[in-house]
Structures are given as structure tokens and as C-alpha cells.
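Student: As a plain string of letters, each chain reads:
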Amino acid sequence: MLYKRTKFFDFNYRKFIGSWAWILHRLSGLALIFYLTLHIWIINTLTRGSEPFNEVMTFLGSPLFKFLEVGLWGVILYHAFNGIRVVIIDFAKGSLFHKKLFFILTTIAFILWVAGSVVILTHIH
Amino acid sequence: MKKNFKETSKTGALAWLLQRISAIFIFAVLIYHFFVYHCISQGKAPEWADVVAKMKSPWFNLLQFLFLLAALYHGLNGVWMVVEDYIHSRFWRIFIFSIIVLVGTSLLFVGTLTLFKVANINPGV
Amino acid sequence: MKIEEAKKFHKIDTVVIGAGLAGLGAALEIAKGGGEVAVLTKVYPTRSHSGSAQGGIAASLANVAEDSEEMHMFDTIKGSDYLGDQDVIELFVAEAKKTVYWFEHMGVPFSRTEDGRINQRAFGGHSSPRACFSADITGHVLLHTLYEQCLKHNVHFFNEFQVFSLLIEDDISRGVVAWDIRNGGLHIFHSKALLLATGGYGRAFKITSNAFANTGDSLSLILENGLPLEDMEFVQFHPTGLYKHGILLSEAARGEGAYLTNDKGERFMEKYAPQKMELAPRDVISRAEQTEINEGRGIAGKAYVHLDMRHLGKEKIMERLPQVWELAFNYLEVDGTKAPIPIQPAAHYSMGGIPANIKTEVIKDAAGTVVTGLYAAGEAACLSLHGANRLGTNSVQGAATFGRISGTNILEFIKTVNYPKMVANPLERAQRKIDSFMTNKGKEKHALIREELQENMTGHVGVFRNETDMLKLKKIIKDLLERFKEVSIDDKGSAFNLDLLEAFEVGSLLNFSEVIVEGALARKESRGAHYRTDFPKRDDKKWLKHTLAWKTDKGVKLDFSRNVTIYMDRYPPLERKY
Amino acid sequence: MDEQTNVKVKILRYNPEKDKKPFWQPYEVKIEPDATILDILNEIRWKLDGTLAFRRSCRSAICGSCAMKVNGRNILACETPMHRFKGRGLKIEPLPGFRIIKDLVVDLDSFFEKMNRVRPYLLLDKPIPDKEFIQSPEEFEEIREVCICILCGACTSSCPSVWSNEEYLGPAALLKAYRFIFDSRDDAADERIDIVNDKNGIWRCHTIFNCMEACPKHIKITEYLSRLKVKAVENSI
Ligand SMILES: Cc1cc2nc3c(=O)[nH]c(=O)nc-3n(C[C@H](O)[C@H](O)[C@H](O)COP(=O)(O)OP(=O)(O)OC[C@H]3O[C@@H](n4cnc5c(N)ncnc54)[C@H](O)[C@@H]3O)c2cc1C
Ligand code: HEM
Ligand code: SF4
Ligand code: F3S
Ligand code: FES
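Residue numbers (the numbering used here), protein chains in the order written: chain R, 127 to 251; chain P, 2 to 126; chain H, 63 to 640; chain L, 30 to 266.
The set of hints was computed from the structure by calculation and includes no laboratory data.
A portion of the hints provided could be inaccurate.
[Stated by the list, open to error] Straight line, CA to CA, 30 Å or less: simulated DSS-like cross-link-like pairs of lysine-lysine:
{"#": "1", "chain 1": "H", "residue 1": "Lys603", "chain 2": "H", "residue 2": "Lys268"}
{"#": "2", "chain 1": "L", "residue 1": "Lys76", "chain 2": "H", "residue 2": "Lys495"}
{"#": "3", "chain 1": "L", "residue 1": "Lys155", "chain 2": "H", "residue 2": "Lys214"}
{"#": "4", "chain 1": "L", "residue 1": "Lys155", "chain 2": "H", "residue 2": "Lys364"}
{"#": "5", "chain 1": "H", "residue 1": "Lys540", "chain 2": "H", "residue 2": "Lys586"}
{"#": "6", "chain 1": "H", "residue 1": "Lys534", "chain 2": "L", "residue 2": "Lys76"}
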């Protein structure tokens, strides 16, 4: 009788840069598709004239949503920059320096995140 | 060996390539997007009128449409990739695939509709 | 627990035991020729020890320098200290070239010359660069390629099956009984032809370059069936085994210019081979090292000397000898660019084995009477290609070439005969062994017995031998054999019972070790790898003969009447000088 | 080098004839500080508990028998000295992703079966020359590194895509495909790419790099898989 131990994911396997990058990429991707759905719905309010649009905009301008927006901004940045890392790995021998790539690209993403967050947060109405 | 092996298709290469092409496209458009909305508008919350005015340009609209298409394809194909990793029952796969297609087409529809409607709005009213 | 009756009975034309180069080479030729063949192996085929060979495979292709079959033949004969059978060597050097092309056409990735041909390099004892190689993983790629081809040609594999007994009656081989390691249980294989290709048996020694699987099971089974072994006293010791581990550091290190030094920091080879220094033949260097160690000049008085490659510089070491560096670093935490590497001689290759003729048929006496349907090839066999000492890169070639030849012969044989009658009680002997381990109440542990055996073999029939030591050893082995009867095992289960397998293997080691000792005791001369301090000279008058040894109730019976085939006009015995 | 220290080891045990599921068994071993994981396992087998089962043969990192998971990552037991884990206790488990036969021994049938699926042998249309095929050193270099693969299974066992999908060919089999597709002598690249270009083939690789971290031969697996992906794309458009 053979025993099947790993079902789905081996949670106690050590996580190296590569697996962190992938896990975060996956989670951020899923978060983004959720956000995109929301986004399309919001833009749709444009069609109903300035009143409802501005209403939604004020609502989204509330501090709570500002903070969510900061998060979203981070998620986008991570996914985008790690996505570029993936493309470099696929087409430009990135496997040979994928850890370096990860640090460089996430650092850029982090800087952009801080800068963007400052902009977002300093404009709370 | 196991049940699912033969139920696979040969479209992997195309899906993989499109995932990367769409990723690069989204990346480019997003840079443009943030530039336009957040740098030009100096971090103010977007005004309805401003937005609508911008969407009067057909080129801008075409870009928006392509972005919508690419983001939906990229995101939903991404979700499908995740599903293929974890869901192995035939029933659930078909079920989820249907949902993805349904969500995809409706969002595409809603999004395109938005673009059309806004383009036809007279900002003065 | 009671082991149930054999779960399975298989009737197959040819059964090959061992999936190293010899076994797979034969199986492939048989399958290609349309024959039915099953390979039994106690480890997955790609895990066979042939995969460890690094240096290369010898063939006089003359791709990089002048070379010829005659030169290869002479080197091999000289290397063998004239104990090699020259008809076998003649066939070998001719077939060697074919074997290399055979491999290449099957896809072996050989390192290439600038113009795209197989590259070759120099190797100890060869007078021309004739080692075809693939970086430093030659054996590995040869083995994998053969295995892949066997898959392609539908060779039937019984992976993780350990042979427990041979079914030989009236000098006719009828099949084997093997233990299914994974599930437990005995299987009977009824066959027309049986090839023994179980590889080397260096595990009889404490310090060895050999794998855990190299326990010479088939040799012991041959003895058990009243058949002889040949030239067992000739065991080659490699000079650069990693201290304590025995893991091989490639000869390439010395080739690139590494020094051997003793406790005083002297390059001691000056005393033993002033001309060739570190590039002298293996046996000479091993003896030099052992002398240093015995005379107290081992590092800190311990049983090792230093392999020093610091002066080569970090760059060269990392570029040319990455594996040597890595092994030392991984196993001993020694950084070869900054410190010398501890090494000692390690039992490496066994020239002796199951006596077989040039067609690889197993023979049962000095007259060469054949055991019908029984074949042997590879390191387990003694054809005798390597005589008293084998040259580097000749053994991989020997295993592959004679495996291939064996396959061709077997293919012919199985077409002409019917299945022999099965023996009356095929399972009996194997079952008895298992039952004894399983039901014994004794306190003896096989691991301790094995450790004692290995310790004493290395100590008493190692690089240097003398009568007093060996007489002592003889008695020790007798005792161990007695104690072995009382061995009981912890694991009584059937799934992957490693305890049972190891116990069985210790039995094998004890069995043929006795023969090694008796042979070495009787052979009162020094030839090739066999060095007697009490008889330091080669003596062609008396001892230019093969040793045959049987195990009887009254102990080991020796016979020195089997002549060495020598072409007196072409290659008369000369002194072996380097 | 010769004084001994005490090491605490926990080993995941499973005996199909007795246990419903695996359990951790602690041992305390006295051994030299430069001992490898394999030395420790042998010491336990030979001195403490003969029922422990694991695979090993060459003990020099070339046969691929002894891959297992130690302190959370796949390694070869024979080449890994315990001091690499810096005095922490040792937790030894069988390779994840495979089924357990007994203790540290896993069922590799599926692993080898996947290997066979990519037709891992040279296939030729052209006539065979008298001597060797001509292959330039550059062409040899293309496949040199992947030929070192010892089929230990450490990579395939470490890949999250394999954990969640047993059908995925896995890095080792894909590497085997690479080895032949990129061999200048081979004539069946297209056929092999068809096999690899499959939902359960190369496209299940999400460049997670666990395989490359685990490979005891330091093969740059992911890089070769990427080349395979690009080749598959080229072939299908
Ligand atoms: C470290 C090292 C380096 C070497 N380097 C070189 C070199 O560079 N050049 C060279 O020419 N030679 C070299 N040699 C020697 C050479 O590798 C061997 O002599 C040769 O490979 C032996 O091949 P084989 O087929 O006879 O046996 P092996 O490859 O050892 O195969 C033995 C087979 O028998 C099976 N087996 C054993 N017992 C049983 C049983 N009871 N039941 C079932 N199956 C069993 C095993 O599973 C295995 O498959 C080296 C040897 C070592 C140890
Ligand atoms: C900003 C630019 C973006 C880039 C450069 C990018 C890049 C990528 C790449 C290369 C992949 C493939 C990963 C793989 O094969 O392992 C991927 C996967 C994915 N992307 Fe994006 N992406 C971007 C934006 C988006 C957006 C806007 C969404 C949401 C709508 C999204 C959702 C996803 C999802 C769900 C996946 C699947 C995740 C997985 O399989 O692990 N991405 N992305
Ligand atoms: S690629 Fe590396 S980890 Fe994978 S099987 Fe081969 S040697 Fe082992
Ligand atoms: S871990 Fe798996 S996902 Fe790809 S890079 Fe390695 S095969
Ligand atoms: S025992 Fe051979 S690789 Fe570890």
C-alpha cells in the first residue's frame, strides 16, 4: 500500500526566492482580476452622467478607500514588475540571474510604490 | 497513467505566448495611463468632465478597448491557468471554464458599452 | 513472519542479472536481434555502478594522436603483468573501436575535437591518448544511453529484484530465484540462458571506491553451486580515495600536476618512482602511500597522506578539476585551493571473478568445460582480460564490449535449445536463507560482522600482503562465517526490507572473501596488484598461471593448472617497468 | 576529525504493513561531526534500528538513489554533510510529491514512466556512418550540462506544479526531452516537441525555480525549460 502524502501543496517545503515570487505573483494576479471587474463596473457609472460618477468618486475618495488604493497600487506594481521578470526569464536567459532580477525589479516597484502612495495619501479630501 | 492526461489540448503554446504579449502591452498602457491620469491631473481626483472629454478621442478609445481586451484575456487566462493547476475533475473544469467565458464576455460587453456611451455624451449637459 | 510461496513464476528465454554496462549491453543486443530478455537488478538500472566511471572508455580510434590496435594490445598485456589471456585481449582491442562507434550511434554525448570527432585523452598505462570521454561523466552517459536504448527495444526490466539463488543442476543453468525488494516475496525465473553481470565486489574492503551495491552476490552464488572463481587475489587499489570515505578523486588531479606529500611535507614519490613521480602506475603509488603510512609518516600519524593541488592555482583547479574540488569540499570540508586533500588507497577494481571463456560462457574447471546456458561478463567475470592489474578506462570498455559479445552469443544459443527442466525444489535454497535471518533468535548483527570483515580485509590483504597477516585473517573469516549463522534481523516485514538484503549481502562478502585470502596466501609471488612483502618478485616459472578456487566442505580448494594464453612470438613476458 | 558528537534526528517513518499514516520517530546518534546525512542513516540502520529503509548505492552523488527531503528541502543524502544544517536538529522525510513505499523509499514508477513518454533515445532518419557522427564542440556544449542529470528525482519532487498535478511531466522528463531535441544528431525533434507541447507538459512550468534549487548537479533546469518553451512556440506558429 502506497501512501500519498503531498496533496495539493507541500507547505513545509522551504521557500526560496523563486517560490515566493511565484506565490505572490499568483495571488496578486488573482487580486487584480477581481479589481478589474470592479473597475469596469465603476467606469460604467460614467455613462449615467456626472452625478452618480462624482458620488462614486467621493465615496472612493474616503480615507478607507485611499488606503485600499495604496494596497492596490502595490499589488499592481509587484505583479507588473515580477511579470517583466518572468518575461526576461522566458526570453532572455533570466534564469541565470533570476534572484538578482527579483531584487532589482521589486526594489524599483517598491520605490514607485512609496512615491505613488505619498501622492495618493496626501490628497485625502 | 491517470485520467486527465488525454483530455488536454495543444493550445498551450499560443496561450503562453499571448499571456506574455498581453502582459507587455498592459505594462506599456498602464504606464501611459498613470502618466495621463495621475501626473497630468496632479493627483486630484478625476473630474467627470475631464474624463469624458478625454474619451472623446477615437484613438484614445481604441487604446482603451484594446487595453480592456488584453486585460480581460490576460487576467482570465491567468485564472484558467490556476484552475488547470489545481482542479482536476472534469465537471468542475467545465463548470469554471463556462463561468470564466461568461464573466469575460459580459465584462467585455459592459466595458465596450461604456466606451461607446461616454463617447456619445455631450459633456455640457 | 512466514514468507509465502513465490508469488510469481516467469518463463523467459534469457535472464540477465545486473544492469550495468555489461548486463545492458548484452540485453540490448539480444532484444535487437529479436530475442526475449529480462534484466534483473537490485538497483534501478541507471543507479548501477558503471555510472561512476569518470575517466573514459579506451579504444584506439587514433582521433588525436597516432594509435593502433597493436599498441592498445601491448599496453593492456603489459598492464596485466602478463597474466591477461592474449586471445581475449586481441579480440577486445578490435571490438573496442566498434563498441565506441556503437555507443556514439546510439547517442552517447562524447566530448568532441575541433573537427567534430570523438575527443580522446591520455590515461595512466596507455601509451597514446585513447580514452574517449564525455567531460568527467563518461560511465554515466554510457550507462544512461544503454538504458534508454533498452527501453526503446522493449527489454523487460525487473527493477529492484535481488537475486537470492541460482538454479544450476548437472552443469546446466536453469534459472534464478529473486526477491522482489519493493513488495517482498520470491520470484522464480525459468530461462534457457543466464548472464551474470553483477559488477565489482570492492565492498569486502573497508576503504573502497565501490558502491554499496557492489557486494559480488553472484560470485558467492557461483561458489554455493560448486563452481569455481578465478584469480580472486587480484584486487586493484586506487591511490586517491578520499580519506575515510574511499570516494574516488580522479586521476586527472595528478595528471594536472598535483603533488602527493607526507607528514613532513615531502613529495615522497621521489623515493619510489623518481622519474614518473605522481604519474607512476596506480599500484606503485598505492604501495608508496601505504609504505609512508605504515612507517608513521602519514599525516599526524594517521592512515592518510595529502594530495596537494594548491600550487595549481584557484583558476586551474576550478576549471579543470571542479569535481575533485567539490568532493573534497563536500565530504571533508577541505577547500582544495587553500589546503591539501587527505587521501588514502581504496579498493577499486577486482580483476578476478567468475571464470569465463572468450565467448563469455562460464567454465567449471581448468580444462575449460562449459556450464550450459550460463554466461558471465563485466567486472563480475574473469575472462581474463585484465590479468593481474587492469588499466584505467579498459574496464568500462571490457564490460561494454564483452556484454555486447555475450549478447550475440546468447542470441545464437537460445535459438538452438529448448528450456531445460526446472529443478525439483527451486525455492528451497533461497527460502532457507530468508527463514534463517527471519527466525534466528541469535544476537549477531550483520552490520558488525561486515565491519569486522572489512576492517580486517583492508588490514591484512590490502595493498601489502604477507603470510602471517593472512593466516590471521583466514582464522578471523572462519570465525565470522560461524557467527554469521547466528545473524538475526530487526525487520521482519516484506516491503523494502533493507535489513534482509544487507544480511544476504554480508553473506556474499564473507563467502568470496575467504577465496581472496586463500588465493593470496597460495600465490607466493608479487604480480600486478598482488604484492607480497615476503615474495616481492614476479615468478613466471611457477606462477604464470590462473588461480581457480572452489569452496568445499573441507575449505577452499585451489587449482593452478589453468594456463595463461600467451602469444610467445609476439608478446613474450617482459619485466613490467614504467 | 575523529571525536564524536550527538545529533538529534527525526525521521518520518511509514511501514505499509503496520501504519495507517507516517509518523515522526526521533533518534539520537553519536557520530563524527563531518558525517553526511547518509552516514547518519546508516549509523541508525546498523546500530540502532534495522527496520529503517532508504535507497542508496554509490554514496558519491552520481547514482541518484538517495534523494530525500532534509530540513525542508530536497538533497542527496550522500553528498550533504550534516554541518550544512549548522547544528540544528535534522528532520528527514521522503521526497514530497511521490507515494511512499516504506520510510524514505518512494515510488518512482511515475517518474520513470514520464521519462519514457518523451521517447528518451536517439531517433535517426539519416544513414549511420562508418565512424562517428560529426558533432562540433559547440553542438556538444548545447547538451553537455543536461546530460549530467542523474535521474534522482529531487527536482520533479520539489516542483509545486507537480504537487498539485500528478500528470505534469515535471522538470526531469522535460530536461530529457531537451537533451534529445537539442542533440544535433537527433531527427525526431518535432515529434518530441509535440509530446512536450501539452497542457500537462512544458506549459505547467511556471518558472518557480524549486527544481533548480534542488538539483544536486546544479543543472540550470529552468533555463533549459525556457528554451524548450520558445522552441515549442516556434514550432506551433
Ligand atoms: C569510482 C569508480 C570509477 C571508475 N572509473 C572507471 C573509468 O574511468 N574507466 C573505466 O574503464 N572503468 C572505471 N571503473 C570501473 C568500471 O566502472 C566497472 O568495472 C564497470 O563499470 C563494471 O560494470 P558492470 O556492468 O560489470 O557492473 P556494474 O555497473 O557494477 O553493475 C552491476 C549490476 O548488477 C546488479 N546486481 C548486483 N548484484 C545483484 C543481485 N544480487 N541481484 C540483482 N542484481 C544485482 C546491480 O544492480 C547492477 O545493476 C570505475 C570504477 C569505480 C568504482
Ligand atoms: C502590468 C502588467 C502585467 C504584467 C507585466 C503581467 C505579467 C504576467 C505574466 C508574465 C504572467 C504569466 C505568469 C506565468 O506564466 O507564470 C501573468 C499571469 C497572470 N496575470 Fe498578469 N501581468 C500584468 C497585469 C495583469 C493584470 C492587470 C491582471 C488582472 C486582470 C493580471 C492577472 C494575471 C493572472 C490572474 C495571472 C495568472 C497567475 C498565475 O498563473 O500564477 N495581470 N502576468
Ligand atoms: S535534473 Fe537534477 S534534480 Fe532533476 S533528476 Fe536530474 S539531477 Fe536530479
Ligand atoms: S520547480 Fe517546477 S514550475 Fe518550472 S521552474 Fe521548476 S519545473
Ligand atoms: S548514494 Fe548515489 S547519489 Fe547518493
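Student: Please flag the earlier hints that this structure goes against, numbers listed from lowest up.
Tutor: Failing hints, ascending: 1, 4.
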